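Colleague: Take a look at the letters that make up each chain.
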Amino acid sequence: MEILIPVLTLGFLGVVFGVGLAIASKRFAVQVDPRLDKVHGLLPGSNCGACGGAGCFGFAESILSGKMKIDACRVASDQAKEKIAEVLGRQLIKGLKSVALLHCNGGTKVKDRFLYQGIGDCVSANLVLGGQKECVWGCLGFDTCVQVCPFGALTMSKEGLPIVDFHKCKACNKCVQICPKKLFSLVPLAGKVYVACSSYDLGKDTRAACSVGCIACKLCEKACKFDAIHVVDNLAVIDYNKCTSCGECVQACPMKTIRTRG
Amino acid sequence: MDAAQFLTIFISAVFIYNVILSRFLGLCSFIAISKQTKPALAMSLAVMFVTTMSSIITWLIYRFLLIPFHLTYLRTISFILVIATFVQFVEMVIRKISPPMYRFFGIYLPLITVNCAVLGVAVLNADMFFVGNKAVQGSFYYSAFQGICVGLGYTLAMLLMSGIRERLELCHVPKAVKDFPLGFIIASIMSLSFLGFNGFRF
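These protein sequence lines map, in sequence, to chains A and B.
Mind the numbering: the first sequence is residues 746 to 1007 in our numbering, read in order.
Mind the numbering: the second sequence is residues 53 to 254 in our numbering, read in order.
Think of the hints as simulated: they come from the structure by calculation, not from any bench.
Treat the hints with care, since some could be wrong.
[Unchecked claim] If you anchor each label on the Cβ, the simulated ranges turn out as follows:
#, chain 1, residue 1, chain 2, residue 2, range
1, B, G215, A, E904, 32 to 40 Å
2, B, L220, A, K949, 45 to 53 Å
3, B, V166, A, G863, 35 to 43 Å
4, B, P120, A, A799, 48 to 56 Å
5, B, K87, A, A767, 36 to 44 Å
6, A, G863, B, L247, 55 to 63 Å
7, B, V166, A, F757, 19 to 27 Å
8, B, K87, A, L766, 53 to 61 Å
9, B, G215, A, L841, 30 to 38 Å
[Said to hold, decoys possible] Mimicking SDA-like on lysine to any residue, the simulated pairs with C-alpha atoms at most 20 Å apart in a straight line are:
#, chain 1, residue 1, chain 2, residue 2
10, A, K771, B, R147
11, B, K227, A, L872
12, B, K227, A, D866
13, B, K148, A, I768
14, B, K227, A, L766
15, A, K812, B, R155
16, A, K771, B, P162
17, A, K771, B, K230
18, A, K771, B, V142
19, B, K148, A, F773
20, B, K148, A, V775
21, A, K771, B, V145
22, B, K227, A, P779
23, A, K771, B, K227
24, A, K771, B, P151
25, A, K771, B, G215
26, B, K148, A, V764
27, B, K148, A, A774
28, A, K771, B, Y154
29, B, K230, A, S869
30, B, K148, A, V868
31, B, K148, A, E806
32, B, K148, A, D778
33, A, K987, A, F971
34, B, K148, A, L766
35, A, K771, B, F141
36, B, K227, A, I768
37, B, K148, A, A769
38, A, K771, B, Q140
39, B, K148, A, Q776
40, B, K227, A, P925
Keep in mind it's a predicted model, so treat the numbers as computed, not measured.
Positions of the beta carbon are idealized from the N, C-alpha and C atoms, including for glycine.
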């Protein structure tokens, strides 16, 4: 019998508090915009932060209040975005879709200057004399970008270079930020041609370190009919506003540095 | 009930047995939310409010429920129950009545539910102001006052810590001790200096 007293007392307390809270939650219920939950439900929920908001819920709040555009989400599919626009009764304004690209084609083609035996990620390796590769501009070949990609869009190839899966890439900018050599950039999905090199060295030095680097020969400039590619500081740069992806520069490039992507 | 007792409670709760720096309660929020003064102050005010109110409620529970039924060994669980319920309730009320205040307290109010300083005050009150399972004369007022004072002590420690850490943001600090390691070092030095109050006896 004695055990009943504590059980009943605590039970009584629990019931009183429970009922009290239940009543309070009814009485003090706050009306939340029902669209908020709907919008949040339609968002991908990966909380990647690529939009600049604090997770998907923060993003939902800021598109509801009009602070951000629906299109700022890089992950949600077009259908989902249209549905969100429908919920909010707004027109969806689409921006340009882009993907991340690696501007290096060295990988195992570039020899090592020394044996690096430190922590196996690019940021650490870069701290040691700018990495172990002959080319100080190029990819170090550890998989830091692969680790950081929240969508599994990057894989390491046998040639020691990360490959971007353009169907999975959401252009969240994470790899662009983490790469110590700044080898990634976001390019428009429509642009099929890219320069697979980031070396600002003189052509002679680049050629000595890498068999596929840009040697600044300017043949691509001459080949381009649209004035879209220029050699700036010993490196070919494509202006994607002018580029039509015709592929003339790809044909012209003697080092096969300018490439079309799959 | 006399004024000297109140003074003693005040001095001992704020300085000698400062809840953070001498009793080492509520350290989680002390380290986590002390980076800037404004949120630190918000958290401190929320804690002060909750410690005061929970001191009162737990005193009532202890005096009128646990002691008559000889259930003082159940105080931990029942105090936690009371505190959690109370914090939930306050959150609802604030959210309804004053959205700006709700945004001001933000995440800190629910965090207090699991802040051991709050439970610490409740248990301390039960230890200090009940002798032989009988309430000391004026113990209700002492308990409420101790709740306020522990909150004040918490505020003091938080403000000191956040002030120091705000200044440290501008200093060149070795990367290895930046942020939390440095926070721990500061906290330990502050704690040592607060131990200096220990010689005071009233």
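Colleague: Could one say that the CB atoms of V166/B and F757/A fall in the range 19 to 27 Å?
Modeller: The hint (19 to 27 Å, Cβ to Cβ) holds, given that V166/B and F757/A are roughly 24 Å apart.
Colleague: Hint says 48 to 56 Å; check whether the CB-CB distance for P120/B and A799/A agrees.
Modeller: Because 50 Å falls inside the window, the suggested range holds.
Colleague: Take the C-alpha atoms of K227/B and I768/A, compute the straight-line distance between them, and say whether it is at most 20 Å.
Modeller: Given pair K227/B, I768/A is violated - Cα atoms ~51 Å apart, limit 20 Å.
Colleague: Is the gap between the beta carbons of V166/B and G863/A within 35 to 43 Å?
Modeller: At 41 Å between Cβs, range holds.
Colleague: Given the hint that K812/A pairs with R155/B, test it: the Cα-Cα distance must not exceed 20 Å.
Modeller: OK: K812/A and R155/B at ~18 Å, within 20 Å.
Colleague: Taken at face value, is the distance from the CA of Q140/B to the CA of K771/A at most 20 Å?
Modeller: holds (13 Å)
Colleague: Is K771/A within 20 Å of K230/B, Cα to Cα?
Modeller: violated (46 Å)
Colleague: Compare the distance between the alpha carbons of K227/B and L872/A with 20 Å, and conclude whether the hinted pair is satisfied.
Modeller: holds (15 Å)
Colleague: Between the alpha carbons of K771/A and P151/B, is the straight-line distance 20 Å or under?
Modeller: holds (17 Å)
Colleague: Can the restraint linking K771/A and V142/B be considered satisfied, given a maximum Cα separation of 20 Å?
Modeller: holds (14 Å)
Colleague: Take a quick look at whether K148/B and V764/A sit within 20 Å of each other, Cα to Cα.
Modeller: Satisfied, since the Cα-Cα distance of roughly 19 Å is no more than 20 Å.
Colleague: Given the proposed pairing of K771/A with F141/B, does the C-alpha separation stay at or below 20 Å?
Modeller: Distance ~11 Å between K771/A and F141/B Cα, so the pair holds.
The structure fails hints 1, 6, 8, 9, 14, 17, 22, 23, 25, 30 and 36 (numbered hints given earlier, in ascending order).
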